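Residue numbers (our numbering), protein chains in the order written: chain A, -7 to 164; chain B, -7 to 164; chain C, -7 to 164; chain D, -7 to 164; chain E, -7 to 164; chain F, -7 to 164; chain G, -7 to 164; chain H, -7 to 164.
I should point out that these hints are in silico values taken from the structure, not numbers from a laboratory. One thing to keep in mind: the hints can contain errors.
Have a look at the derived ranges for each label pair, beta carbon to beta carbon [stated by the list, open to error]:
id	chain 1	residue 1	chain 2	residue 2	range
1	C	Q151	A	A144	44 to 54 angstroms
2	E	R155	F	P26	21 to 31 angstroms
3	C	R135	G	E49	55 to 65 angstroms
4	F	A146	D	A158	50 to 60 angstroms
5	B	S8	F	A46	51 to 61 angstroms
6	H	Q150	B	A146	49 to 59 angstroms
Residues from chain H shown here face chain G by an in silico Cβ test under 7 angstroms; the list is partial [to be verified]:
id	residue
7	L10
8	N84
9	N89
10	G112
11	A146
12	V149
13	G152
14	A153
15	R155
16	V156
All of these numbers come straight from a predicted model, not from anything done at the bench. Where a beta carbon is used, it is the ideal one built from N, C-alpha and C, also for glycine.
Number of protein chains: 8
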Amino acid sequence: MPTTRPKVGIVMGSDSDLEVLRETIKVLDDIGIPHEVVVASAHRAPDQARKYAASAERRGIRVLIAGAGGAAALPGFLASLTPLPIIGVPINSTPLNGLDSLLSMAQMPKGVPVATVAVGKWGAANAGILAAQILALSDAGVRKRLAAFRKAMAAEVQQGARRVAAQLKKRQ
Amino acid sequence: MPTTRPKVGIVMGSDSDLEVLRETIKVLDDIGIPHEVVVASAHRAPDQARKYAASAERRGIRVLIAGAGGAAALPGFLASLTPLPIIGVPINSTPLNGLDSLLSMAQMPKGVPVATVAVGKWGAANAGILAAQILALSDAGVRKRLAAFRKAMAAEVQQGARRVAAQLKKRQ
Amino acid sequence: MPTTRPKVGIVMGSDSDLEVLRETIKVLDDIGIPHEVVVASAHRAPDQARKYAASAERRGIRVLIAGAGGAAALPGFLASLTPLPIIGVPINSTPLNGLDSLLSMAQMPKGVPVATVAVGKWGAANAGILAAQILALSDAGVRKRLAAFRKAMAAEVQQGARRVAAQLKKRQ
Amino acid sequence: MPTTRPKVGIVMGSDSDLEVLRETIKVLDDIGIPHEVVVASAHRAPDQARKYAASAERRGIRVLIAGAGGAAALPGFLASLTPLPIIGVPINSTPLNGLDSLLSMAQMPKGVPVATVAVGKWGAANAGILAAQILALSDAGVRKRLAAFRKAMAAEVQQGARRVAAQLKKRQ
Amino acid sequence: MPTTRPKVGIVMGSDSDLEVLRETIKVLDDIGIPHEVVVASAHRAPDQARKYAASAERRGIRVLIAGAGGAAALPGFLASLTPLPIIGVPINSTPLNGLDSLLSMAQMPKGVPVATVAVGKWGAANAGILAAQILALSDAGVRKRLAAFRKAMAAEVQQGARRVAAQLKKRQ
Amino acid sequence: MPTTRPKVGIVMGSDSDLEVLRETIKVLDDIGIPHEVVVASAHRAPDQARKYAASAERRGIRVLIAGAGGAAALPGFLASLTPLPIIGVPINSTPLNGLDSLLSMAQMPKGVPVATVAVGKWGAANAGILAAQILALSDAGVRKRLAAFRKAMAAEVQQGARRVAAQLKKRQ
Amino acid sequence: MPTTRPKVGIVMGSDSDLEVLRETIKVLDDIGIPHEVVVASAHRAPDQARKYAASAERRGIRVLIAGAGGAAALPGFLASLTPLPIIGVPINSTPLNGLDSLLSMAQMPKGVPVATVAVGKWGAANAGILAAQILALSDAGVRKRLAAFRKAMAAEVQQGARRVAAQLKKRQ
Amino acid sequence: MPTTRPKVGIVMGSDSDLEVLRETIKVLDDIGIPHEVVVASAHRAPDQARKYAASAERRGIRVLIAGAGGAAALPGFLASLTPLPIIGVPINSTPLNGLDSLLSMAQMPKGVPVATVAVGKWGAANAGILAAQILALSDAGVRKRLAAFRKAMAAEVQQGARRVAAQLKKRQ
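Please put together the full structure from these sequences, using the hints given.
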């Protein structure tokens, strides 16, 4: 089934990160982008992670999304091993609330970029959208479905407006 | 000359940001990616900025790179107006050293991602590389030149090693 | 009914911000300032937001209050589109506790101010008072009711003193 | 000469703050808003500061702009003594780069708002513009000159674009 | 009863601060230092606060302890009005976790010190001990009772050691 | 029983730190490194703490692990008194979430290092592993058991992958 | 000469801190408080520091002022060894600008307070004033000279006002 | 010459880090610990870095010291590949002053510790001392020389005291 061959690899450093990265999965499902989910640790199991990164491109993966907390080296580790674009999702799993993972991803040294998004669930959803934007450049189907997704999002603002109106009425 | 039709738009909020964004220009030139440079302000001249963003896709631009300092709304502003992927370069032009611009880009709300890179020159160079990685997905020429760029970068590490060895010798 | 024509527009980026902005509504109701509540997103539905901002002045709005979380571009977005004074209420809706939204509002670049108040409910209440202070400059009725509001506030300090005295007695 | 009776009071905690607040003076001069400059310290000379604040309204002042560094209590001090709107300019005069003065102004408790702008010169200029926006609500002359100021600012973006083009040419 | 004439004034900006400042009260009671508790707001009721500060010295108060959250101006306000030493207790009552109140107290400008202690309950207890240390310089009774308090504290460390030993045993 | 003579001393400033430091105990037990647990306060009972540090080396302790919160002086205090390597575990027991204890440990002045690990439970576990790495340099048994521990850790990543697969299946 | 017997001990962790602590010396000289200056390191020479702290009280010292940078343990170290009040001056001698030393002093655990003042020179001057306020409680001469010092400070605000007026004139 | 076979590997991510890491070299030279200096990048040349880490133990290296700036993944990368203890030196080479590199090292996830020291030169010197402390556990010669180094350090405090005394005299 060629259409379900994964285009995006979602990589998490720990299975406890799944709760946040479900937002990424949901967005990719909504836009109809086939993906795979992988647990891989730059620090605790670097060999597996390296093999995964090294093979991703030839297996047809176009974008990697990596979520991690604390000294979140995972996306940078993948970025050092593959020319594919890497999106980093900082996860707030330490007492420092994700400032540590945000800086560990965004502040990558010259030469090896990580496309960093927001800490936590907002960022996880946005990672999916960003992957879709990148794929849409060479995939008219994704482009079309992304446009629909964006329209639905604008419509959601109006629904929010209705919810606010309803709540304000209730109080009176 | 169709090959020089710009693929990447580099947008800056103020001409004082050019010093940092020269790093982006240099990388894109090195990898051979045609680009254009634009001054546009989300806050001070929103109409021009909107027109630029709205027309970018149909003019052949594939990726937008926006640098700004302080409450750095520019990349998010562009992201709200075009489905193209947007890369944000936080610039340290206020006394808060770029923490303000980093958070103003990375912490984008759910729905409108900005691919945020490091504060300042490291980030500016990485924005160029990230754009190349994205374009390489559908452009074999860029893919090849990006691979060469990455090889040169690894070689640069060895040159750094030689410089260190030379300096340590001198001291003895 | 000319007296209820709204003078203040309260704009929120998401309906989940209503919980915080109810404090603004309460203050404006207390001081008797007619207002309207709008859901508008600079990022997800920029066209609606722009139309709202562009028409606000001629519809009689004198002050806009905008609450948002994360990379909180909404007040700056409105400020770029209308000469009306804009008050920004940073909302702590991300794991970074509102430091992100505070910096995204306060650190506006030269040329386009946002009058930023405190993160969360304190700030939401203060946004209402600040709007009243601005309106009071040209509206004797508001000025009078604001003076009464301030007197009540000072009296509230004395009631707090009584509550403390009562609690300390209980413990003995 | 009634037109030069000051409408805005610029208050600074120390004469060393003048360097930053010159930006405020320049903006008010540009827009043609009469103003006065005062040195007053909430901490070191509270009686003078109180007298100034208490008399400001009846002397015709409509907006107070206060700049201070460190634990920057000055704008909040003024706000507790007058119903006029107070704009706070955080100044980066301590080793903490102005984060201290920003938080000391923005985080005002419920009841006594300070309209806080950016740290340093950007904020000082914006304080002048915000004061103009407030005065413009009841002064058609200011409204007109503010509109011209905003147009000039948008034009300045285009001049910045020309400077960038010139600089890029030079390098080739 | 002259011995119960208060030596320390505990001032809080809001009755919600009592929960934290109970730690101060408990320490002063333990060491046997007569004190009074006052609700006073630098911002919402400055006249009362000023009267309290101005009369404190002649009423026999030797040290003032002021707790407040957010832009915590209260201790600095008192310090500007009386030569008595002022101890500031930053309270974490905003989403910024007390970093705002810590900086608003510690970063007082040259000329008007606030003796700042830790954010929250640790600081509230330490404010009481610091007041005792100051009073002990001229009061042999306080000096003696403070010495006993410090001994009890050291003994408490040994009790903690026993609790740890007991808990570790339980697990085996 | 010579094999159970403790090699590592785990020192905590307060018995409330035990909850975090249990992670250290667990790791040392897993790798089979004999250890002792001590409550000692640099601030509240400095004499006991000094005696403990001074005697540690001759009693056969090779590494000290010290956990503390706030202005976490304990590891640095021990480091000033013994040539043994000191590992510091910052504990998030104040409203500032452990940033205070992290800086109080890591930023030790030139001359007296503290090997600082992550805030909270991650760091507590890592302190145990770091102690094992140090001991393994001269203890073949520890080296072997540490290697097994690391293998188990890599295997755990694969188990996490299975848990993720199971959870994703459930949702479908 | 009994009047010159030092009442205040100024302790610094390194001779490079003298530049900042000269502000303390200057204030104490101005108010006429005899003092001594000591270099003592909690970390690098703890025995000397302990002896100094232990003997301070019986040698007539009433207040200790300790300045240090980084993980600034010195004031807390002294506080653990003497019942005298300790004032801590955070010094910005690391790349983290003094946030590290501020937190290492202010966040002292329950039981052992450090009266923390501002980072750097402002704080150094304020440490001297705070010491004077404490001594003034039992020394009428200091009280009188402190009152004069405060008056001079208020007068200095007026001189600042004149300097500002002069500078503004010059520009016209 | 077997005694000069390196025991410590000093690894830097870029030759620009040498300026800071010279402090490490100086300390190791002073204590007489043979070492080697390596430029290796986890991100730009991961294969070389991996080979270096994998061979370090069998080549006789006992401790690795890694310095890096920004998203400083280098020490964690090495830690994932060798059981040797890794010391991380955060370097302040970005506009964020080293807070980014400190968090990227200290906040390592459970399982893979990095012994983190202070940002910049203080930390670089301390990394050398910490390595000496670790080696001293099984090397009597290092233990002896380390003791001498610590004594010299304490003596240096007294020299600082003399320098302060001399400077204070000069001013009189």
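message = If you test the structure against every hint from before, which numbers come out violated?
response = 7
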